[in-house]
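Protein chains: 2
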Amino acid sequence: MDGAYAFEKPLGFHDRPPALMARMEALTARWLELFARYGYRRVSTPALEFQATIGRYARVAPAKMFPLFDAEGRLVVLRPDMTTPIARLAASTLRSTPLPLRLSYAEPVFRLPQAGEEGQAERWQVGVELIGVGPGAGDLEALVVAAEALIAAGVPAPAFVVGDAALVPLVFAALRLKEAERSALETALLRRDFAAFSAAAGRIGGDVGAALAALLGPLQPERADALGRSLRALTRASGDAAAVDVARAVEERLSALLDLLADAAALFPDVRWLADPAFVPDLEYYTGIVFEGYGQGAGAPLVRGGRYDHLLGRFGREAPATGFALDLERTLAIVEVPLPPRPRTAIRIQKGNRRQAFEEARRRVAAGETVELVEEREDGIGDAGGAIGATGEGGAGHRAGGARTGEGGAGDGR
Amino acid sequence: MDGAYAFEKPLGFHDRPPALMARMEALTARWLELFARYGYRRVSTPALEFQATIGRYARVAPAKMFPLFDAEGRLVVLRPDMTTPIARLAASTLRSTPLPLRLSYAEPVFRLPQAGEEGQAERWQVGVELIGVGPGAGDLEALVVAAEALIAAGVPAPAFVVGDAALVPLVFAALRLKEAERSALETALLRRDFAAFSAAAGRIGGDVGAALAALLGPLQPERADALGRSLRALTRASGDAAAVDVARAVEERLSALLDLLADAAALFPDVRWLADPAFVPDLEYYTGIVFEGYGQGAGAPLVRGGRYDHLLGRFGREAPATGFALDLERTLAIVEVPLPPRPRTAIRIQKGNRRQAFEEARRRVAAGETVELVEEREDGIGDAGGAIGATGEGGAGHRAGGARTGEGGAGDGR
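As they're listed, the protein sequences go chains Y and V. So the first sequence is numbered by this note's numbering: it starts at 1 and just counts up by one. So the second sequence is numbered by this note's numbering: it starts at 1 and just counts up by one.
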C-alpha cells in the first residue's frame, strides 16, 4: 500500500466486523419483527437527499450535516435522520396509500462528528413512524412499541422520560414572560441545566417564579393540580383572556400527559415512567408528546421519539404523526444478544476430489448445515491451516464429519 | 410545502416502498443465509471512503463516483463498490484474523448515473469475498456459491459466462502484437464488439489473425487444443523463448478454465455454462477467472465476480482472493419472491378502553400474532377508516378476532 490513508477511514466512520455485525443483524431482525407484529412495514429511503427539503426540515443542525453536490450541481446532504425522509415518502411515493401509515426502517443516518462527541458519523437507527393517528391512540402506541423494543432487546432497568414539547412554550405564554426571560429559561431547559433555570426563575420571583419552579422534577398528579391552579390564578389576576385560555390548555395537556403515563405504567409495571413537564426537545419539529428511553449502563438515550403534527404538511399531505428511533449500537453496548450456534463441517479438498468435495458441500448446505471447504496442500497440510480458527458467531459445537474446526476469531472484536 | 423539490430526490435515487422493501428483505435474507451455510460471515463498511484508497483502487471509473469533502477537508467518495472496502477491512480491521476469510455483505453502492444508464445511483448489492484461497479451490467455490444464489432466488434459465482476465493479454503477448493492434483488439473485446475485433484480426491476417479469430465464441476442448497448438507453432517459429513460455501459460490457463467449467457443469447440469476466452472485464483489478451470471428476462448481468489476487497487497496484506456481487433489484425484476402471509387482527380503541386495547395488543404480539390498533371516532366510525386497506405484504388471510382488515396497498407500487 502506497498511500498515507491505507488503514484509515474518514473521520467518524467505522468498519463493522463479523462479531459486531452478527449482533447488529440479530437485534435489527428482532426489532423489525416486533414492529411488523404491530403492523409496521419496512421502507427504505435514499442515502442522499436535497438540502432544500430534507436538510431544511431535518431535526439536525446544519453544521452536523454532510453537504455535497449532486450530478446536476444541486446541494445535497447525506441523510441526517429518517423521520424527515419518511415524511417526504409518505407524502410523495405513498401519497395514494390511505392513512394511517405504519412504517418501519433500519438504516444508517449521517452526522459530522462534533468536538467532544462519540465520533460516530454513521449511526444505525431502527425505528417506526405512525402517520395519520392523533395523540389519543397514537401517543400510547408509540410508547408501547418503544417499551416493547427495549424489553425485546433485554435492556436492563428500562426507563422513559416523557414530556410535551408544547408545555413549556404554553406556560411561558400563560405567564406572559418577556422575550429575554423566555429565552434564558428555555436555553437552560434545553441544556438540562436546572440550576440555571432555578436561578432565572428566582430572579423573576413572586408567584410567577414559584409557578416556573413547579415545572421542575417528575410530575405527580398533586403537582400538576398545584401548577394548574397557580397558572389559573395568575392568569385570572392578569385580566388577559387569552392568557386564561392558554392556562386552560396547559391544564389539559398536563392531564393528558398524566393519563398517558398512567396507562403506560399499568401496561409496563416493570418499566420506570417519568413525566417531565420541563422536557424541551432539541428537535424543532416536535409538537406534542416527546420521550426518551434509557437503560442501566447507557450514558445516552437508547430511543428518542415524539409527535410531529406539522412535518407532513410541509410536503403537502397534512397528517398528525409520531414515531421513534432506536440507536442500534448504543443498545448493543449494554445488552447481550445470544446468537444461535452454527456448527461447521470442514470438507477437505484434495488433489482429484474437487468435484466430490463440492457435491458433498451442496448436499449439506441443502440440508441446512454449515460447511467450510478446506483446500489441502500437496504436503498434506491444509492450505487454510491457520484459518480454521474463523468459526461462526457463537459456534460452540462442531460436527464429527470431515475435519473439526476450532474456535477463534481473534481480531474480530468490535 | 414551499420548495421546488418537494417530491424530488437527487438524480438516480429512489424510495423503496413497503411492497418492494419486503421483497428486497426476503431475498437478501435468503442469500445471506445461503452464504452463512458456506461459512461466510457478514460485515459492513462505511458509506464514505477516502478517494485516496477506495476511490483509487475501486473498479469504477472516477467519473461515476460521488466526490465530496469530509470534515477535515479530505476528498472522500460514496462507496462505489464493496470489494475494495472489504479488501481494506481484511487488511486492517481484520488483520489479526487468520486466512482464509469468508465475508459477506448486503449494502448499497453508489454511482453517478451516466447518460443512457438505468439511472440507479444507489444499487443494493449482496455478495461474498473469499480471501486467502487460490484458484484451485477458490474459483470453483465462487462459481458454486454464485450459481446456488441464482437458483435460490428462482432465476429462470440461469447461465454463466466464465473467462480469465489474464488470457487475452497473454495471447497478445505470445503473438507479439504491436501496441496499436493490442489496443484496438482489447477495446473491441471490452465493448463486446466482435465484428470490430474480427475486422482488426483480419487486417493483421495470416496465422496470427487466424489465432486471434479462434479466441471468439464459446470454448470447447477441441478449440482450446487448436488455439494452443497454433500459438505454440507461431511462437516456436518466432524463435522468441519468452513468447514460447507465454504460449505455454496460455495453454495451462485454457486447460484450467475448461476443467473449472467441467466441474461446474457436473455440479449444476441445469445451469448453462459458457467458457469465453475473449472475456475482457471492465474492472481493472481482476487477475484470473472472471464471470457473469444471467437469467432469462434480465438484460444485464445479475451477478459479476472474479479473482483479484493483487488488491489485498495494496493494503499491505498479500493474499489471493475472489468474490462476486449480486444485483438485488435487477434480480427481483425477474423472479417471484413469495412472502409469508401475515394475517392481522384489528383491535378497536374506543373512548375508555385504551388501556385494555393495548393489553390485548401486547398479548397477541407476544403470541406471535400481528395486530393493527384502530382508533374509533366519537361518531363510531373508525378514525382510520380509509387506512384499513394497508395490510401486510402477502397478507391474504384475516383473523376473526376484532374487526377484519381488508386488502389494499394501492399506491405502494412494486
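Everything labelled a hint here was simulated from the structure, so no lab data went into it. Careful: at least some of the hints might be erroneous.
[Claimed, not checked] Among chain V residues calculated to face chain Y with C-beta under 8 Å, some are:
| id | residue |
| --- | --- |
| 1 | Pro17 |
| 2 | Glu336 |
| 3 | Val337 |
[To be verified] Label pairs and their computed distance ranges (CB to CB):
| id | chain 1 | residue 1 | chain 2 | residue 2 | range |
| --- | --- | --- | --- | --- | --- |
| 4 | Y | Gly368 | V | Ala366 | 23 to 33 Å |
| 5 | V | Asp259 | Y | Leu75 | 29 to 39 Å |
| 6 | Y | Pro340 | V | Leu339 | 17 to 27 Å |
| 7 | V | Ser183 | Y | Pro341 | 54 to 64 Å |
| 8 | Y | Gln296 | V | Ala366 | 47 to 57 Å |
| 9 | Y | Gly368 | V | Arg56 | 21 to 31 Å |
| 10 | Y | Ala195 | V | Arg56 | 49 to 59 Å |
| 11 | V | Arg355 | Y | Gly313 | 27 to 37 Å |
| 12 | Y | Gln356 | V | Ser238 | 54 to 64 Å |
| 13 | Y | Arg363 | V | Ala29 | 43 to 53 Å |
| 14 | V | Ala333 | Y | Arg363 | 26 to 36 Å |
| 15 | Y | Leu11 | V | Glu252 | 44 to 54 Å |
| 16 | V | Leu75 | Y | Glu318 | 39 to 49 Å |
All C-beta atoms in this analysis are idealised placements derived from N, C-alpha and C, irrespective of residue type, glycine included.
How the hints compare with the structure:
no.: 1; hint: Pro17; verdict: holds, 6 Å
no.: 2; hint: Glu336; verdict: violated, 19 Å
no.: 3; hint: Val337; verdict: violated, 14 Å
no.: 4; hint: Gly368/Y x Ala366/V: 23 to 33 Å; verdict: holds, 28 Å
no.: 5; hint: Asp259/V x Leu75/Y: 29 to 39 Å; verdict: violated, 55 Å
no.: 6; hint: Pro340/Y x Leu339/V: 17 to 27 Å; verdict: holds, 23 Å
no.: 7; hint: Ser183/V x Pro341/Y: 54 to 64 Å; verdict: holds, 55 Å
no.: 8; hint: Gln296/Y x Ala366/V: 47 to 57 Å; verdict: violated, 23 Å
no.: 9; hint: Gly368/Y x Arg56/V: 21 to 31 Å; verdict: violated, 42 Å
no.: 10; hint: Ala195/Y x Arg56/V: 49 to 59 Å; verdict: holds, 53 Å
no.: 11; hint: Arg355/V x Gly313/Y: 27 to 37 Å; verdict: holds, 31 Å
no.: 12; hint: Gln356/Y x Ser238/V: 54 to 64 Å; verdict: violated, 43 Å
no.: 13; hint: Arg363/Y x Ala29/V: 43 to 53 Å; verdict: violated, 22 Å
no.: 14; hint: Ala333/V x Arg363/Y: 26 to 36 Å; verdict: holds, 31 Å
no.: 15; hint: Leu11/Y x Glu252/V: 44 to 54 Å; verdict: holds, 48 Å
no.: 16; hint: Leu75/V x Glu318/Y: 39 to 49 Å; verdict: holds, 43 Å
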